[in-house]
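Asks: Sequences listed follow chains A and B, in order.
For the first sequence, our numbering gives the first residue as 1, with consecutive numbering after it.
For the second sequence, our numbering gives the first residue as 1, with consecutive numbering after it.
Heads up, some of the hints might be wrong.
Among chain B residues calculated to face chain A with C-beta under 8 Å, some are [claimed, not checked]:
| id | residue |
| --- | --- |
| 1 | Pro-50 |
| 2 | Tyr-53 |
| 3 | Leu-55 |
| 4 | Phe-81 |
| 5 | Gln-85 |
| 6 | Glu-109 |
| 7 | Asp-112 |
| 8 | Ile-141 |
| 9 | Arg-160 |
| 10 | Asp-204 |
If you want a taste of the chain A side facing chain B, the calculated C-beta under 10 Å gives, among others [claimed, not checked]:
| id | residue |
| --- | --- |
| 11 | Lys-53 |
| 12 | Lys-254 |
| 13 | Gly-283 |
By construction, these hints were calculated from the structure, which means they are not laboratory data.
Glycine is no exception: its CB is placed at the ideal position from the N, C-alpha and C atoms.
Residues per chain are reported as follows:
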Amino acid sequence: MARSWQLKAGFMSEATLAIKKISGHPGPAPGANVERDYQVAKLIDTTTCIGCKACEVACLEWNGYTFTETFFDNSYQTMPATTWNYWNLIKFNEHEREDGTLQLLMRKDQCMHCADPGCLAACPADGAIVQYTNGIVDFQQQNCIGCGYCVSGCPFDIPKFDPTTKKMFKCTLCVDRVSVGLEPACIKSCPTGCLHFGSKEDMSYLAESRAKQLRENFGFEKAGVYDPSGVGGTGVIYVLHDVTNPEAYGGLPKDPHIPWVVRFWKGPAKWIGNLAMLFGVIGVTIHYFRYGPKEIHPRHDNGGKL
Amino acid sequence: MSSHVISTPRTTGEPGERILRYTLTERVNHWFAALTYIYCLITGLAFWSPYMYWLAAIVGGGPTARFWHPWLGVAFTVSVFWMHQMWDRDMQITDADRRWAKVIKLYIENDDQNLPPEGRFNYGQKLFFWLMFYGIILLLISGIGLWFVEDIPWSLRWLRYLSVTVHVIAAMATIAGFIIHIYMGTAMVRGGFTSIIRGEVTADWARTHHRLWHEEVMRRQPPPGAVGSRK
């Protein structure tokens, strides 16, 4: 299968958007912070989602993937989790409320485009993951080495490995559309208007107004906005009927953050390890200067000690 | 009886005489282990720090390095297990090692004449061997976790984090041993490097560094039909 579209997407976005953060790069991103941009965000209102999956199809169509094998598990869900070529998945959950009534929860799952992206922190390949000034976190497959470190870094279990190209893939937030002033494909396809796209500021305002409406007029007392601060906020925010229990929405983590192991590994451990290696090499060198090589002692003139 | 005993030729005890220290099999395996380890070291360091990512370029670039690192890691594991098969008996810590370990400072300061005698391998060599042996077991297990990270279910994701942690710690421990091993094998103990290539050391070298082993070789009667002295 020709994959020229991937390169096109990569180069097009690089050429049109300013980079804020870059993975596996010694020093800051070239040209970072020279240009200000709107933080963009998707707003997903789970209270008006009907689970039609138009967004799943639009995502496949725009990104050039064909529909893959689906999975039936007594649910409406297409498959258990997103895959390398299926970036957008509605997660269904028959949630039993305290009063015994059922609630069918539907949540559009995809990359959350964290302000503090764990995938980017974990990535060792120079420029394989970039964060643009508009907040989009994007994989650049031409730089990806397929190591899978991003899988360990992500608190939402999003990056997936394509065994054919040996590269990692995930939702791009339609960076190729956004960079030329279009909304993401999923947003465009939504028939109920539960998906919105715009500046983070506008989307937060809209989300909060909707949550307020749900609390005041519809009896959802715990309604609220999911924009987790553990990852610095996200480029995808949700309106939930019950913001105190995000886990019920197909396992949305309550307090996501970059795993502390990944933070330590990419932070202090690196310097401790590098210094240890450096001191090791310096240490043996100094030993040589001080003591030099061992001497061979011929047995006949060593005073009989050996 | 370990393999080196069978193939060691009769010795005459002359000071300049050459004694077989490592068989061809031992040498080939050592260098197989060395090359696979160094490959994993170079590529591993490339993945370790952005400041060393350029190392990936000298072995064919990031994706190539990523592809071969686990496979050559498996090859290194096979080599180390083979080594264990050959040297397990020789690598057991003995009373002679314990006496030697107490005055290891004398060894570090090159005051070898006052050291108690050692066998075929000294205490430091044995420590290095066991460091690499247990190190590679940890690296292999944690490496499989990193290799197939997506196959570790989300509910068991602590295993993903544990794999990273163990792989890093075990790698750093082997690198510490590796730095000392290279230094000692080339600069500090002259004759060691040629012995692992051509297999031979002089009688004086053997007597200086591994006196108990030298005495053992001297005592040994050659098996019938063995190649005689090379004098």
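Asks: Now, for every hint given, state plainly whether the structure supports it.
Replies: Taking the hints in turn, this is what the structure says about them:
no.	hint	result
1	Pro-50	4 Å, holds
2	Tyr-53	6 Å, holds
3	Leu-55	11 Å, violated
4	Phe-81	26 Å, violated
5	Gln-85	30 Å, violated
6	Glu-109	6 Å, holds
7	Asp-112	6 Å, holds
8	Ile-141	16 Å, violated
9	Arg-160	5 Å, holds
10	Asp-204	5 Å, holds
11	Lys-53	22 Å, violated
12	Lys-254	14 Å, violated
13	Gly-283	8 Å, holds
The structure fails to meet hints 3, 4, 5, 8, 11, 12 from the earlier list, while all remaining hints are met.
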